[in-house]
Amino acid sequence: MRRTAEFDAFGPWIYRVNTISDLPRLFQDAGIDPAAHQLVLKVPRNIERRNATPDMDLYDSLIAVDHETVTILRRQGSSYDSARIPMDRITAIEDSVSMLDGRLTLYTSDGTNPVIAYNAADLPPVQNLIRVLREWYLPAAVDEPSFALPDGPEPLLGDADTGLINEYRRLTRAEPGIHLISAFPRRRIGTGLLRPVTLHATITIGDDRELQQIHRRDRITRGNDKVLSIARTILPRTRITDIQVRPHERYRDITVLMVNGSLEIPVPAGSENDMLGA
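To get this note's numbering, take the position in the sequence shown, counting from 1, and add 11.
Think of the hints as simulated: they come from the structure by calculation, not from any bench.
Accuracy of the hints is not assured; some may be wrong.
Label-pair ranges, simulated between beta-carbon atoms [what the hints assert, rightly or not]:
| id | residue 1 | residue 2 | range |
| --- | --- | --- | --- |
| 1 | R95 | E165 | 21 to 29 Å |
| 2 | P97 | V126 | 17 to 25 Å |
| 3 | P97 | A128 | 22 to 30 Å |
| 4 | H190 | S89 | 46 to 54 Å |
| 5 | A63 | G234 | 32 to 40 Å |
Just so you know, even glycine gets a beta-carbon here, dropped at the ideal spot from N, CA and C.
Produce the complete structure using the sequences and hints provided.
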């Protein structure tokens, strides 16, 4: 079997690309020069190593960040599509993990909202990408990590949402300048006994620069299955230019916040101002 360097290195890991020769074969004609970018990442296909062959295109996405834009190339069969997003058009960043299923969504002012799927066994490269994207609009560097718990009471969500509390602790330690804005626990919003409907808990933290929400990937679910996903949505305050409020089309006592025309946040009716730190 013919071997290639790309095949030999293939696994579930997201790699930083430093040279043109490190670019995946599929994307080498895209004109991306890693030396001209702050960060270039290649995201592998979600297949097991034993099912890969040297003749396959082994990478699903290439993400290239320079000082003004994010370029996202995504494999489509034997070709790829391309999105070039100016940094000032990113209105929210959402990262969610459910078991090994990772998804990074960039909400944009034109509503294109590209989604990058990745193997959640390799979180640090995605967290580094989010840090680079945030540094573009933050007026000061993100605070240094702290080993102390934040001042004040923690959100009270119940044992079922310990995972959200742990993520709250991690974020507030990593960025001591942010503080708790609001939190609401999960609640039953449907009456079905066999497939109950749940509005899941959300914790909102932030400062004068941005809001961050800690929540489940699916904010409303039906059924009794355990929900183990963890999601984080980051909203730069200066990019929140339009908020529409409407009743949920199906569930009473639930309000939907439509932020900048594309990000939907269901919340308990009457908590709209709390959720946005107003």
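The hints, checked one at a time:
Checked against the hint of 21 to 29 Å, the C-beta distance between R95 and E165 comes to roughly 41 Å, which is inconsistent with it. At about 18 Å, the CB distance of P97 to V126 agrees with the hint of 17 to 25 Å. Checked against the hint of 22 to 30 Å, the C-beta distance between P97 and A128 comes to roughly 23 Å, which is consistent with it. Distance hint check for H190 and S89: the Cβ-Cβ separation is about 49 Å, which falls inside the suggested range of 46 to 54 Å.
Separation of A63 from G234 is about 35 Å and conforms to the stated range, judged on CB atoms against 32 to 40 Å.
Of the numbered hints stated above, the single one contradicted by the structure is hint 1.
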